[in-house]
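Chains A and B, in that order, give the protein sequences. In case it helps, the UniProt record's numbering puts the first sequence at residues 1 to 405. In case it helps, the UniProt record's numbering puts the second sequence at residues 1 to 405.
Calculated from the structure, these hints are not laboratory results. Note that beta-carbon positions come from the ideal geometry of N, C-alpha and C, so glycine has one too. One or more of the hints may lead you astray.
To be verified - Here are some of the chain A residues that sit facing chain B, going by a computed Cβ distance under 8 Å:
| no. | residue |
| --- | --- |
| 1 | 99 |
| 2 | 116 |
| 3 | 119 |
| 4 | 192 |
| 5 | 193 |
| 6 | 382 |
Unchecked claim - Heads up, incomplete: computed chain A residues facing chain B, CB under 10 Å, no partners named:
| no. | residue |
| --- | --- |
| 7 | 165 |
| 8 | 209 |
| 9 | 210 |
| 10 | 380 |
2 protein chains.
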Amino acid sequence: MTSTGTDLSIEEYFDRLHALVRALPAERAALSQGRVLAEPLVARLPLPPQDNSAMDGFLIPRHFSPDSLTVPFTLPVVGDVPAGSPAQTPPPGTALRIMTGGPVPAGFDGLVIPVEDTDIPPGPGPMPETVTVHRLPGRNHIRRRGSHVEAGHQLAVAATLVDASLIAAALSAGVSTAVVHRIPRVTVIATGEELLNGQLPDSNGPMLDALMSATGPVDITRTVCGDSPVELRRRFDTAAADSDLIVTTGGVSAGAFDVVRAVVEDAVERGSYWFGHVNQRPGAPQGYALWDGVPVVCLPGNPVAAFVSAHLYLTPLMRSLRGLPRPTGVLDRPHLTAVAGADFPHPHRPLIQPCSIALDGSITAFPPPGPRMRSHHVAALPGTQGFALLTSPVTTGEQLTVYPY
Amino acid sequence: MTSTGTDLSIEEYFDRLHALVRALPAERAALSQGRVLAEPLVARLPLPPQDNSAMDGFLIPRHFSPDSLTVPFTLPVVGDVPAGSPAQTPPPGTALRIMTGGPVPAGFDGLVIPVEDTDIPPGPGPMPETVTVHRLPGRNHIRRRGSHVEAGHQLAVAATLVDASLIAAALSAGVSTAVVHRIPRVTVIATGEELLNGQLPDSNGPMLDALMSATGPVDITRTVCGDSPVELRRRFDTAAADSDLIVTTGGVSAGAFDVVRAVVEDAVERGSYWFGHVNQRPGAPQGYALWDGVPVVCLPGNPVAAFVSAHLYLTPLMRSLRGLPRPTGVLDRPHLTAVAGADFPHPHRPLIQPCSIALDGSITAFPPPGPRMRSHHVAALPGTQGFALLTSPVTTGEQLTVYPY
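Please take these sequences and the hints and turn them into a complete structure.
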């Protein structure tokens with residue numbers, strides 16, 4: 001890390017920021033959506049947990065199998081086996097009415113005749129005295145204990161995002177907690193006297209809150225600070241005491257009152273911060289630091305610059321903090337090859353261009369309507385679903401790579 | 001609506017379910033991510049709210065413009081204009097030091113010289129006595145009040161999802177609340193005696209909770225009910241009193257103890273419910289009803305069947321309840337044309353096949369490894385990111401349409 005003002009490339013800046021963070025410590029917690037596994041998740045129970053019926057129908061011993069019988073035949077029905085009841089064994093020459101999921105004795109050599117293949121109407125009704133079987137199934141319709149997953153089977157590797165399907169799989173396999181990475185604690189400090197005196201509302205703080213929250217559970221503290229270096233220093237100290245990441249907006253440019261840069265340069269050991277220009281538009285002025293060991297990401301204050309910088313740099317940092325696999329670089333993220341639905345603005349420098357993306361089988365990307373997006377054109381952002389990173393002109397009908405938000 | 005047992009197509013079933021719901025009533029609420037506008041959102045303030053500087057630099061009257069001056073020239077600096085301060089007018093023959101966002105008097109005929117084009121070093125420092133200008137800018141670097149958005153401009157139409165960019169745009173334009181659709185209240189009733197007596201854990205309830213929560217803010221009540229019709233009827237009554245939607249799992253098939261179907265058929269007026277088979281695998285047994293006017297979606301109990309049915313039918317219903325644009329049909333959702341990375345299972349009936357989707361410029365879809373996914377193969381779901389709807393065989397290298405979750 002250096003504190004020179006030389007332009008960095010987007011790739012270099014991303015790598016430098018990413019070097020500041022590592023996955024947060026692990027803890028055991030209830031499985032919940034958006035957490036990230038810190039250890040592999042292993043089945044405690046086999047799936048299915050016991051032999052059971054795959055169909056609504058009648059359980060009969062193997063004796064009455066395709067090898068030994070011809071349809072139709074009639075058997076007395078000697079009992080009911082709803083799901084949730086104890087397993088029962090039908091005596092030879094009898095049948096049990098059984099429900100989907102109803103237990104079958106472990107290893108029982110028999111088969112389930114689907115109700116549709118008998119003379120009994122499907123659905124609720126009293127237990128019939130006899131059942132006449134019209135057709136024998138091609139398989140036994142018994143799901144064997146552990147036939148899907150054995151106890152001890154690895155359901156998911158470390159660094160897996162916990163989602164609805166993993167929750168279902170884990171609970172089914174008797175696992176309701178997991179060792180997951182701690183939820184990130186982030187302090188957002190929006191700076192600028194104009195935010196304090198009502199000249200401008202703070203839009204960056206709520207915007208970053210929403211962007212970071214969209215990456216998963218996060219504990220965000222938001223604050224607005226004017227241009228007082230003493231006050232900002234106090235905010236940094238408070239934030240560093242209980243945050244995993246500090247994000248500032250504004251105050252990083254070339255101005256005489258750029259308080260973030262001034263405070264960091266005054267307080268932080270040389271070599272532990274950088275402010276300067278990244279070769280990108282919008283959002284060239286950027287900076288970062290370690291404050292008492294806590295990473296500080298200093299975003300520009302213009303809302304479009306803050307927005308695209310958050311997508312380029314901040315949300316990947318959040319994902320790495322949360323324990324997801326570390327990207328190999330700024331472009332190591334989901335991307336699509338789209339067709340330009342309109343001419344894109346000419347990039348004089350690498351241009352981060354928000355765009356709408358239509359996913360209708362083909363993939364078409366459009367820059368927002370209206371004039372070229374400038375860094376204060378915040379009202380042009382709604383309706384965009386991703387960004388392109390343009391280094392050469394793209395005209396209607398040409399292909400380009402887009403990165404969904 | 002009929003209560004016959006005839007197979008419905010996926011399309012027909014989707015349309016019937018969708019006919020049960022409409023967007024929830026509107027209320028005024030703070031702008032927050034995931035809410036949906038019930039009315040257009042209109043700028044209260046112009047953007048920018050006042051003339052201001054686009055650069056850190058020096059504000060000078062137009063008199064010193066490219067037409068009338070040649071560089072270099074030197075002017076006394078008579079004041080500082082940080083962002084958040086009152087606007088000041090530089091007297092003729094003088095300059096004001098001004099920050100990005102610093103106010104400029106309304107309509108002031110002047111220009112901002114970027115600090116980089118002067119003899120003053122960028123960044124913090126005491127106000128200089130004079131500034132020498134080395135280069136005149138090609139434009140005035142003044143952002144005019146309302147030049148981006150006029151007061152009264154429509155920022156977003158009704159049925160727009162509130163996201164980070166809309167929050168930023170709205171707050172910037174002086175709007176902090178909006179008329180949005182109410183947050184859906186959903187009761188999930190997982191049925192089955194086996195869930196009550198510990199024979200099986202309830203995995204469907206938490207899974208559906210996670211799936212529905214991923215569509216946006218939702219107020220979910222979860223409950224587990226055994227096979228007692230009296231008790232289930234009580235749960236329906238309780239749920240209908242304060243829910244916008246009721247979702248059940250299990251008890252809809254052809255079994256003798258299929259309590260959901262039995263209770264609905266007993267209690268609900270003929271014509272206001274349907275149970276039967278949808279021409280799909282997995283998840284053929286489906287059902288729906290109106291219970292005291294509240295839509296009830298009855299999903300199958302097998303976890304893979306419940307999972308794919310939730311994606312096909314339930315999450316679109318949630319989006320419509322929340323006020324997003326109503327889909328024209330079950331396939332009116334984002335979709336991608338992918339290349340099969342492996343052979344997909346042969347569909348004997350329309351097959352809803354969860355698959356992983358690699359987005360690396362090209363789009364490749366893979367069915368989960370291992371044997372053909374059966375309706376209890378819940379551990380094969382993690383790692384899938386969408387589904388294909390297969391009606392004919394798809395082998396490696398062929399194209400198919402995938403629907404991201």
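Verification of the hints:
Look at residue 99 of chain A: its Cβ gets to within about 4 Å of chain B, closer than 8 Å, so that hint holds up. Hint status for residue 116 of chain A relative to chain B: holds, with the closest Cβ pair at about 7 Å, below 8 Å. Restraint check, residue 119 of chain A versus chain B: the minimum CB separation of about 14 Å is more than 8 Å; hint violated. Residue-level restraint check for residue 192 of chain A holds (minimum Cβ-Cβ distance to chain B is 6 Å; threshold 8 Å).
Annotation: residue 193 of chain A was flagged as interfacial toward chain B, and the flag holds, the nearest CB pair being 3 Å apart, inside 8 Å. The criterion of a C-beta within 8 Å of any C-beta in chain B is met by residue 382 of chain A, whose closest approach is roughly 4 Å, and the hint holds. Nearest Cβ of chain B to the Cβ of residue 165 of chain A: about 4 Å, under the 10 Å cut. The hint holds. The beta carbon of residue 209 of chain A comes within 8 Å of a beta carbon in chain B, closer than 10 Å, and the hint placing it at the interface holds.
Interface hint status for residue 210 of chain A: upheld, as the beta-carbon distance to the closest one in chain B is roughly 4 Å, under 10 Å. A least Cβ separation of about 8 Å between residue 380 of chain A and chain B falls short of the 10 Å threshold, and the interface hint therefore holds.
Of the numbered hints given earlier, the model fails hint 3 alone.
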